Amino acid sequence: MAVIGSDGLSLLVGDGGTTEVFTPLKGARVTRLEIAQRGYAANSVANDAWVTRVGTGERQAVIECEVIANDEAAALRLRALAISGLVGNFKLEMQGAQTLQIAAYVISYREVIQAGEVKMVLVRLESSGAGIVG
Numbered sequence: 086m087a088v089i090g091s092d093g094l095s096l097l098v099g100d101g102g103t104t105e106v107f108t109p110l111k112g113a114r115v116t117r118l119e120i121a122q123r124g125y126a127a128n129s130v131a132n133d134a135w136v137t138r139v140g141t142g143e144r145q146a147v148i149e150c151e152v153i154a155n156d157e158a159a160a161l162r163l164r165a166l167a168i169s170g171l172v173g174n175f176k177l178e179m180q181g182a183q184t185l186q187i188a189a190y191v192i193s194y195r196e197v198i199q200a201g202e203v204k205m206v207l208v209r210l211e212s213s214g215a216g217i218v219g
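Letter 40 of the sequence shown, counting from 1, is numbered 125 in our numbering, and no numbers are missing.
These are computed hints drawn from the structure, not numbers from a lab.
Since we're looking at a predicted model, the values are computed, not measured.
Some hints here could point you the wrong way.
[Claimed, not checked] Calculated cross-link-like contacts (lysine to any residue; reagent style SDA-like; alpha-carbon spacing at most 25 Å):
hint, residue 1, residue 2
1, K176, P109
2, K176, A200
3, K176, E105
4, K204, F107
5, K176, L207
6, K176, Y190
7, K176, I120
[To be verified] The following label-pair restraints were derived from C-beta to C-beta distances:
hint, residue 1, residue 2, range
8, L118, V203, 22 to 28 Å
9, Q199, E105, 31 to 37 Å
10, A121, A200, 27 to 33 Å
11, T116, Q199, 25 to 31 Å
12, N155, Q122, 19 to 25 Å
In this text, a Cβ means the ideal position worked out from N, Cα and C, and glycines have one as well.
Kindly generate the complete structure, drawing on both the sequences and the hints.
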């Protein structure tokens with residue numbers, strides 16, 4: 086069994102166009118990938134006054150990574166999504182032909198600036214629902 090190294094992962098951001106075009110974020114290093122099935126419950130009082138739980142499950146993907154902050158379109162799109170609070174489309178490409186495409190919010194966006202170093206951005210993305218696996 087082969088181990089999937091983090092060097093085999095690429096994170097791409099969609100441009101928001103009608104026909105979505107994905108562009109890779111430079112220097113992306115994924116530090117966390119979590120895919121979870123979470124249930125939620127909405128309490129209600131039934132006719133016989135018993136509290137009942139109704140609800141369904143929801144899938145969610147979380148991606149944490151660091152990328153190079155530059156003035157290229159992909160990095161600027163990431164920053165714009167963080168500032169606006171809008172949902173963006175992202176694609177995680179893994180070794181081979183595996184992909185995970187999600188619509189996600191930029192939950193955390195932190196630029197790390199050190200003198201003489203390349204400026205990096207630490208990012209946390211959380212999907213607003215299920216993703217598309219390819």
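Here's how the hints hold up against the structure:
1. K176 <-> P109: 9 Å, holds
2. K176 <-> A200: At roughly 31 Å apart (the allowed maximum being 25 Å), A200 and K176 break the hint.
3. K176 <-> E105: 11 Å, holds
4. K204 <-> F107: Within the cut-off at roughly 22 Å; holds.
5. K176 <-> L207: 17 Å, holds
6. K176 <-> Y190: 13 Å, holds
7. K176 <-> I120: Holds. K176 to I120 sits at ~14 Å (cutoff 25 Å).
8. L118 <-> V203: 22 to 28 Å: 23 Å, holds
9. Q199 <-> E105: 31 to 37 Å: 34 Å, holds
10. A121 <-> A200: 27 to 33 Å: Cβ of A121 to Cβ of A200: about 39 Å, so the range 27 to 33 Å is violated.
11. T116 <-> Q199: 25 to 31 Å: Check failed, 18 Å falls outside 25 to 31 Å.
12. N155 <-> Q122: 19 to 25 Å: 36 Å, violated
The structure is inconsistent with the numbered hints 2, 10, 11, 12, although it conforms to all the rest.
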